[in-house]
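Trainee: The task is simple: from the sequences and hints, build the whole structure.
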Amino acid sequence: MPQERTLTALLSSFAKGERETAVLLPGGRADRLGASALPAVYLGDELAIGRGSADAQPSASELLLEDPLVSSRHARITRAGADYQLEDLGSKNGTFLEADRLTAAAPLQEGARLFLGNHLFVFRRISAVDGEALDEERRNPLGPVATTSPALARVCHKLRRLATVGGELFLAGETGVGKEVYARAAHAQSGRSGPFVPINCAALPRELVESELFGYRAGAHSTAQSAKPGLIEEAEGGTLFLDELGEMGNEAQAKMLRFLQDKEITPLGATRPRRVDVRVIAATNRVVAAGSDSGVRDDLLARLGASPLRLPPLRERIEDLGALVAHFSRGQGAALELAAFRAMALYRWPLNVRELEKVLAAAWALTEGKRPIATRDLAEALTAPVASPAEEPQRRKSPEPAPSAAELEAALARHAGDVAEVARAMGRQRAAVWRWIKQFGLKPEKYRPKTG
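Read in order, the letters of the sequence shown correspond to residues 26 to 477 in the working numbering.
Simulated from the structure, these hints should not be mistaken for laboratory data. Predicted, not measured: the structure shown is a model, and the values here were computed from it. Be a bit skeptical, because a hint or two may be false.
Claimed, not checked - Calculated pairs, DSSO-like style, for lysine-lysine (alpha carbon to alpha carbon, straight line, at most 30 Å):
1. Lys383 / Lys395
2. Lys253 / Lys288
3. Lys253 / Lys280
4. Lys288 / Lys183
5. Lys280 / Lys183
As the list claims (entries may be wrong) - The following label-pair restraints were derived from C-beta to C-beta distances:
6. Asp56 / Asp324: 38 to 44 Å
7. Thr189 / Glu259: 21 to 27 Å
8. Arg98 / Pro166: 34 to 40 Å
9. Leu282 / Asn225: 18 to 24 Å
Beta carbons: idealized from backbone N, C-alpha and C, even for Gly.
Mentor: This is the structure we're talking about:
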């Protein structure tokens, strides 16, 4: 599908006054590592999906994929009011929604993962702001990998602008989401000529924090045989990155607050302060809000901007999977077997992008770069049986009775309101679980962790 046609359709959708529009975001393909050449695919009222050559000229309501595992008439997405549903059109290798091969039309929920041949797509509803951020990211990626995630694209959009105006920045996100990666990107975007100096606050011994940050003069203490510049001074003209700020002690945070206010340091043993030109970017993996148990002082939090930029976890931006796999696999010259690719796309990635990098490094070591990565090469946590779209349809068991309201409520509580996890634990399609939730009048958000 020509990119110009897709962007025109998106823009015209918003021009008609729609607050959001539904799209398929490409998440890569198993047999070709790399970011997808496909743009966001506008759904409109109907989208027919099938196989076509690279020089094919599809209509605005067609998506043609050059993929040997895709049938000429493979699947269709249709709109009914504000909702969309996906149906298979008798394709040879099947259409998969999450872990299930479709046997009947099924509704599409936000973030749903679709597997069509070798391809992964993610169903999203995006706003005009999302569309602009995604287009900007496609033309000028902020980080090492251009994101196709609306959530991350919005963060990148803000970071690009905040990076150039000076002042402190505050990033939040789970362990392994890439906070240092995007702090480095903001430093590079800022144009500051000095170095980027990262500090893991959790690794600094509390009794040495002051001397490590501010340095000391010769004779300041019994072991100070000569002067030692602090980490703040080493970042002169550049950026100081304070990772896991909530792990820094209260007294050290108070001194950091004073530094942010006047940009002066007084090394231990010195009598006069010295002004330094250092920009601070802080980060935390905790929930941050005034008065919360984030470990960050409220006054320091206010100085940093109070509301941090949240980097979404990998499970919330699985459309970036193909591009990230390619990024971490440079030089390997191989692909993934389809079952392995699907297992990775369905996995929750509790340790995020860092975990993906480690999983791939181990898998490439096992394959020695001589064959595609198979499920046997992946970590055990990823290898729960997942049917491959290239396999014959599995025989289905007789349908089990629907759960009772009490059983469904207990499952929501166990899985913290995560409907996808409830569906997976029950061995049911997510659409069916949502149907029961509405039937019983349950509210998944009641069981989700509260954030600031």
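Trainee: Hint by hint, say whether it matches the structure.
Mentor: Hint check results:
{"no.": "1", "hint": "Lys383 / Lys395", "verdict": "holds, 19 Å"}
{"no.": "2", "hint": "Lys253 / Lys288", "verdict": "holds, 19 Å"}
{"no.": "3", "hint": "Lys253 / Lys280", "verdict": "holds, 19 Å"}
{"no.": "4", "hint": "Lys288 / Lys183", "verdict": "holds, 25 Å"}
{"no.": "5", "hint": "Lys280 / Lys183", "verdict": "holds, 28 Å"}
{"no.": "6", "hint": "Asp56 / Asp324: 38 to 44 Å", "verdict": "violated, 54 Å"}
{"no.": "7", "hint": "Thr189 / Glu259: 21 to 27 Å", "verdict": "holds, 23 Å"}
{"no.": "8", "hint": "Arg98 / Pro166: 34 to 40 Å", "verdict": "holds, 36 Å"}
{"no.": "9", "hint": "Leu282 / Asn225: 18 to 24 Å", "verdict": "holds, 20 Å"}
Checked against the numbered hints above, the structure breaks only hint 6 and satisfies the rest.
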